[in-house]
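Asks: Listed below are the residues making up each chain.
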Amino acid sequence: MSSTLKPEDAAQLHDAVQWAVAEEKPLDVVGLGTKRAIGRPSQHEFTMDLSALTGVTLYEPEELVLSARAATPRAEVEQLLRDKNQEFAFEPPDLSGLLGASGPGTLGGMVASNLAGPRRIKAGAVRDHFLGFSGVSGRGETFKSGGRVVKNVTGYDLPKIIAGSWGTLAVLSDITLKVLPAAETEGSFAVEGLSDEMAVAAMSRAFQSSCEVSGAAHLPEGLLGAAATVFRIEGIGPSVEYRLEKLAALLNDLGASEKMDPEASRDLWRSIRDVSFFANGSDRPVWRLSVPPMDGAKVAAAVAAKCEARWFFDWAGGLIWCEVPEADNASEQIVRAAVAQTSGHATLIRAPQAIRAAVDVFHPPEPGLALIAQNVKTAFDPNGILNPGRMYASA
Amino acid sequence: MSNLKMPEVDQTALARRQEVAADLRRIVPGEGVIDEAEEMRAYESDGLTAYKQVPLLVVLPETVEQVSAVLKYASDNGIKVVPRGAGTSLSGGALPLADGILLGLGKFNKVLEIDYDNRCAVVQPGVTNLAITQAVQHEGFYYAPDPSSQIACTIGGNIAENSGGVHCLKYGLTTNNVLGLEVVLITGEVVRIGGKHLDSEGYDLMGLMVGSEGLLGVVTEVTVRILKAPETARAVLVGFPSSEDAGQCVADVISSGIIAGGMEMMDKPAIHAAEEFVQAGYPLDVEALLIVELDGPEAEVDHLIERVSQIAEKNNSVSMRVSNSEAERASFWAGRKAAFPAVGRISPDYYCMDGTIPRHQLPKVLGRMNELSQQYGLRVANVFHAGDGNLHPLILYDANVPGELEKAEDFGSDILTLCVEVGGVLTGEHGVGVEKRDLMPTMFTETDLNHQQRVKCAFDPEGLLNPGKVFPELHRCAELGRMHIHRGQVPFPDIPRF
Ligand SMILES: Cc1cc2nc3c(=O)[nH]c(=O)nc-3n(C[C@H](O)[C@H](O)[C@H](O)COP(=O)(O)OP(=O)(O)OC[C@H]3O[C@@H](n4cnc5c(N)ncnc54)[C@H](O)[C@@H]3O)c2cc1C
Chain F
1 MSSTLKPEDA
11 AQLHDAVQWA
21 VAEEKPLDVV
31 GLGTKRAIGR
41 PSQHEFTMDL
51 SALTGVTLYE
61 PEELVLSARA
71 ATPRAEVEQL
81 LRDKNQEFAF
91 EPPDLSGLLG
101 ASGPGTLGGM
111 VASNLAGPRR
121 IKAGAVRDHF
131 LGFSGVSGRG
141 ETFKSGGRVV
151 KNVTGYDLPK
161 IIAGSWGTLA
171 VLSDITLKVL
181 PAAETEGSFA
191 VEGLSDEMAV
201 AAMSRAFQSS
211 CEVSGAAHLP
221 EGLLGAAATV
231 FRIEGIGPSV
241 EYRLEKLAAL
251 LNDLGASEKM
261 DPEASRDLWR
271 SIRDVSFFAN
281 GSDRPVWRLS
291 VPPMDGAKVA
301 AAVAAKCEAR
311 WFFDWAGGLI
321 WCEVPEADNA
331 SEQIVRAAVA
341 QTSGHATLIR
351 APQAIRAAVD
361 VFHPPEPGLA
371 LIAQNVKTAF
381 DPNGILNPGR
391 MYASA
Chain R
396 MSNLKMPEVD
406 QTALARRQEV
416 AADLRRIVPG
426 EGVIDEAEEM
436 RAYESDGLTA
446 YKQVPLLVVL
456 PETVEQVSAV
466 LKYASDNGIK
476 VVPRGAGTSL
486 SGGALPLADG
496 ILLGLGKFNK
506 VLEIDYDNRC
516 AVVQPGVTNL
526 AITQAVQHEG
536 FYYAPDPSSQ
546 IACTIGGNIA
556 ENSGGVHCLK
566 YGLTTNNVLG
576 LEVVLITGEV
586 VRIGGKHLDS
596 EGYDLMGLMV
606 GSEGLLGVVT
616 EVTVRILKAP
626 ETARAVLVGF
636 PSSEDAGQCV
646 ADVISSGIIA
656 GGMEMMDKPA
666 IHAAEEFVQA
676 GYPLDVEALL
686 IVELDGPEAE
696 VDHLIERVSQ
706 IAEKNNSVSM
716 RVSNSEAERA
726 SFWAGRKAAF
736 PAVGRISPDY
746 YCMDGTIPRH
756 QLPKVLGRMN
766 ELSQQYGLRV
776 ANVFHAGDGN
786 LHPLILYDAN
796 VPGELEKAED
806 FGSDILTLCV
816 EVGGVLTGEH
826 GVGVEKRDLM
836 PTMFTETDLN
846 HQQRVKCAFD
856 PEGLLNPGKV
866 FPELHRCAEL
876 GRMHIHRGQV
886 PFPDIPRF
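Note that the protein sequences, when read in sequence, are chains F and R.
Numbering (my numbering) for the first sequence: 1 to 395.
Numbering (my numbering) for the second sequence: 396 to 893.
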């Protein structure tokens with residue numbers, strides 16, 4: 001059983017981390033705990049519960065910027081943005097269905113995981129919109145980096161290294177993000193019956209057009225019925241209409257396409273974003289593979305050749321969500337061998353705890369980079385008190 | 396060089412110059428090593444010409460193996476290295492060191508691969524920014540970040556500075572458009588980060604490399620995203636009676652949900668200088684001029700032009716022209732793009748600043764800048780990436796008048812300090828280099844800066860890569876790594892625990 005520390009402001013957070021450093025007490029850093037099931041089980045004695053650090057501290061829609069305490073619930077912030085017709089352009093997923101968690105979690109968790117949805121391919125990931133932060137490093141020191149403006153090259157871009165670091169470098173207290181206007185409307189259409197390979201080629205063609213596609217996903221046969229390759233276009237009404245037609249014409253050699261109304265389009269893209277197809281209450285292993293888009297079909301086929309897998313593609317083929325059979329090793333070798341044909345990587349997003357303790361959840365970096373990554377970890381957290389072992393066994 | 400303190404010169408390196416040159420010639424044969432003072436003079440400064448220094452030696456490698464061997468040699472022998480692209484940095488990032496090797500990457504000038512299917516291009520670091528677009532434009536593609544120096548500056552330099560351009564509000568900065576890097580570490584080890592896929596595995600080391608000003612590693616290959624060019628683009632040229640009105644117009648455009656392809660502002664002195672230089676047809680009786688470019692399908696662009704025009708009128712615009720042809724659109728931009736040289740014509744010298752501010756602070760900052768201009772007795776012209784708050788004040792001075800350069804630098808420091816005071820930052824796209832190095836403490840505490848320097852230690856513990864840049868004070872890594880732990884003394888009872 002671990003005890004919990006629950007700081008109520010940045011000063012208490014500072015004291016708490018400093019205490020943990022002095023006492024050499026490893027911490028499990030938690031916002032609302034919705035992503036606790038991702039990563040290696042960390043070895044900790046104390047839980048650092050950040051859930052009291054909430055509240056939006058600055059929101060200036062005309063400046064496209066929002067700052068909030070790190071554990072502000074995403075739901076609250078997203079509502080605030082919606083009221084001003086704005087959003088996080090990177091379309092952060094809500095993986096609670098997939099993971100059996102209680103909701104989308106906090107801003108801090110969103111930043112620490114750097115997980116982005118379908119629009120990532122056009123608008124970037126969390127890291128591309130994360131402007132600045134203040135927090136406490138594993139040295140027990142409060143520091144800040146970045147700022148509240150979009151264009152800033154003053155010193156190293158530490159927000160980049162913090163995004164996606166899963167709380168292993170610093171505990172954030174305050175976060176500043178870029179926000180953007182939400183599209184006025186959207187439309188999608190699906191082409192049915194394509195093989196993975198044809199779908200990947202079709203999605204590539206779409207992105208080589210000037211249609212400004214904001215989502216391209218392929219759901220292979222069996223996932224929802226017939227195979228469906230879906231394209232999304234967002235913007236102002238007349239432009240969406242025009243581009244949808246242009247894209248459909250461009251792809252008409254692939255057979256008839258079926259147009260979706262905005263509401264159906266939104267629903268489908270939410271399912272793709274949240275990986276709802278695998279949100280089946282099981283904890284069968286689910287991998288997330290990022291590969292060069294054109295290699296998507298080949299990589300999925302390599303996995304499928306070796307085990308009973310289900311999968312679908314987002315990011316025009318560049319993101320593969322893949323569910324593999326229950327097995328002690330989550331088919332790790334199979335998945336990694338498939339990805340190894342490319343420059344890409346694979347992360348185990350869902351699996352029972354025992355498996356996550358036994359296999360590499362995050363992609364093992366090549367030796368040169370592993371050393372730098374280890375040095376970076378040591379630079380921020382020399383005694384290894386922040387989420388030790390969550391990303392790598394040695395860090 | 397007014398009073399810039401650089402790292403102590405390593406006399407041993409100076410004494411060994413001949414020997415080092417001979418050793419390096421074994422790695423980079425032929426004309427790849429330059430040790431003639433006259434020839435090295437071409438490399439003595441970058442775009443920040445007030446600072447000059449002839450390097451120990453200039454080395455111009457052609458292969459990754461050579462870069463690797465040179466760095467390993469430098470590392471083994473404790474010799475400093477300054478990487479250089481085209482030398483257009485405006486912050487002295489490529490300023491040589493008297494005891495350091497200047498490593499020029501100009502010979503890495505090949506486009507290695509264009510992969511339209513995956514929408515990316517793989518290029519060597521010495522390829523110019525514009526050359527990437529030129530390599531793909533026959534297929535209708537382009538590379539989005541477009542610094543005004545794009546004819547000359549290299550992608551390696553862009554990576555090091557995280558350069559921006561007038562289109563980055565909509566399409567992002569360099570960091571948002573890079574997919575992969577090959578980097579040679581100071582040890583000579585060659586590592587690859589990223590590739591043709593999205594998002595890093597583990598820590599985002601690529602995000603760290605971009606904007607690291609040549610302090611973490613030498614970039615030897617870059618994979619960038621390329622985009623299909625929009626179908627059309629049109630621009631609106633709007634004159635306003637005050638910068639407040641222009642600023643409000645920008646805020647209203649953004650609030651209405653429009654992210655323009657480009658949104659640039661110029662103040663009266665900049666408008667006049669540009670008009671005199673290129674006769675772009677700018678109105679001369681306005682206080683502020685805004686160029687708003689919309690791009691996309693024709694139907695969208697026409698619709699948005701209409702909306703922007705309405706918003707401009709509501710904000711008291713006094714003149715408005717909408718481009719009706721590509722030639723006209725280009726003419727709107729011609730003045731803006733030539734703003735720096737245009738200002739260069741009306742003054743013997745100018746000093747280009749690069750702060751970013753929250754946009755709504757513009758009137759306050761311009762007002763205060765006017766006061767400072769009078770106080771220092773130096774004129775100033777302003778061009779402004781209005782969409783993202785990046786301000787380029789150009790301070791006019793005459794380097795031949797004793798004391799004016801120093802005055803211009805002090806004026807510049809005051810402006811940047813002001814930017815930080817109003818919630819902005821010291822540099823939006825030109826980098827810290829040597830120029831803003833000593834101002835870093837206005838934005839960061841010592842603890843903040845030490846956290847950054849430890850990142851440097853993670854890559855280059857001996858501090859051999861481009862030392863003297865970015866950080867006002869160099870600490871030894873061993874010293875930075877020390878922890879001051881007060882065991883048991885931390886007050887703790889206030890924190891609820893259960
Ligand atoms: C007229 C003019 C207009 C400009 N307009 C803009 C603008 O609109 N937007 C903007 O952002 N900038 C602008 N700049 C600034 C400048 O062009 C950019 O900073 C550019 O990216 C520098 O590229 P470079 O190849 O000249 O690099 P250099 O000046 O040679 O070097 C810049 C830095 O990069 C490092 N470096 C270079 N190559 C490598 C490499 N391969 N590996 C590691 N480190 C390396 C150097 O050590 C140095 O620190 C302008 C400059 C001028 C002179």
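Any given hint could turn out to be false.
What the hints assert, rightly or not - Using C-beta positions, here's what the derived DEER-type ranges look like: (1) Asp833/R / Thr57/F: 48 to 56 Å; (2) Met715/R / Arg270/F: 40 to 48 Å; (3) Asp253/F / Glu701/R: 55 to 63 Å; (4) Ala249/F / Glu701/R: 23 to 31 Å; (5) Gly535/R / Lys306/F: 35 to 43 Å; (6) Thr57/F / Val713/R: 36 to 44 Å; (7) Gly193/F / Val713/R: 53 to 61 Å; (8) Gln770/R / Glu62/F: 30 to 38 Å; (9) Glu723/R / Ala256/F: 40 to 48 Å; (10) Lys306/F / Glu414/R: 53 to 61 Å; (11) Glu841/R / Glu24/F: 20 to 28 Å; (12) Glu857/R / Ser394/F: 19 to 27 Å.
To be clear, the hints were calculated from the coordinates, so they are not data collected in a lab.
Cβ coordinates follow ideal geometry from the N, Cα and C atoms, glycine included.
Asks: Take the C-beta atom of Gly193/F and the C-beta atom of Val713/R, compute their distance, and say whether it sits inside 53 to 61 Å.
Replies: holds, 59 Å
Asks: CB of Met715/R to CB of Arg270/F, is that within 40 to 48 Å?
Replies: holds, 42 Å
Asks: Quick one: are Glu723/R and Ala256/F within 40 to 48 Å, going by C-beta?
Replies: Check passed, 42 Å falls within 40 to 48 Å.
Asks: Take the C-beta atom of Ala249/F and the C-beta atom of Glu701/R, compute their distance, and say whether it sits inside 23 to 31 Å.
Replies: holds, 27 Å
Asks: Against the range 19 to 27 Å, how does the distance between the Cβ atoms of Glu857/R and Ser394/F compare: consistent or not?
Replies: holds, 24 Å
Asks: Please check whether Lys306/F and Glu414/R have a Cβ separation lying inside 53 to 61 Å.
Replies: Holds, since Lys306/F and Glu414/R (Cβ atoms, about 58 Å apart) stay within the stated range.
Asks: Confirm or reject the claim that Glu841/R and Glu24/F have a C-beta distance inside 20 to 28 Å.
Replies: holds, 25 Å
Asks: For Asp833/R and Thr57/F, compare the CB-CB distance with the range 48 to 56 Å and indicate the outcome.
Replies: Given range 48 to 56 Å: violated, Cβ gap about 31 Å.
Asks: Would you say the C-beta atoms of Asp253/F and Glu701/R sit inside 55 to 63 Å of each other?
Replies: About 36 Å separates the Cβ atoms of Asp253/F and Glu701/R, which means 55 to 63 Å is violated.
Asks: Return holds or violated for the Cβ distance of Gln770/R and Glu62/F against the range 30 to 38 Å.
Replies: This hint holds: roughly 32 Å between Cβ atoms.
Asks: A range of 36 to 44 Å was offered for this pair. Does it hold for the Cβ distance of Thr57/F and Val713/R?
Replies: Since Thr57/F and Val713/R have Cβ atoms about 38 Å apart, the given range 36 to 44 Å holds.
Asks: Using the C-beta atoms of Gly535/R and Lys306/F, is the stated range 35 to 43 Å upheld?
Replies: holds, 40 Å
Violated hints, listed in ascending order, are 1, 3; each of the other numbered hints is respected by the structure.
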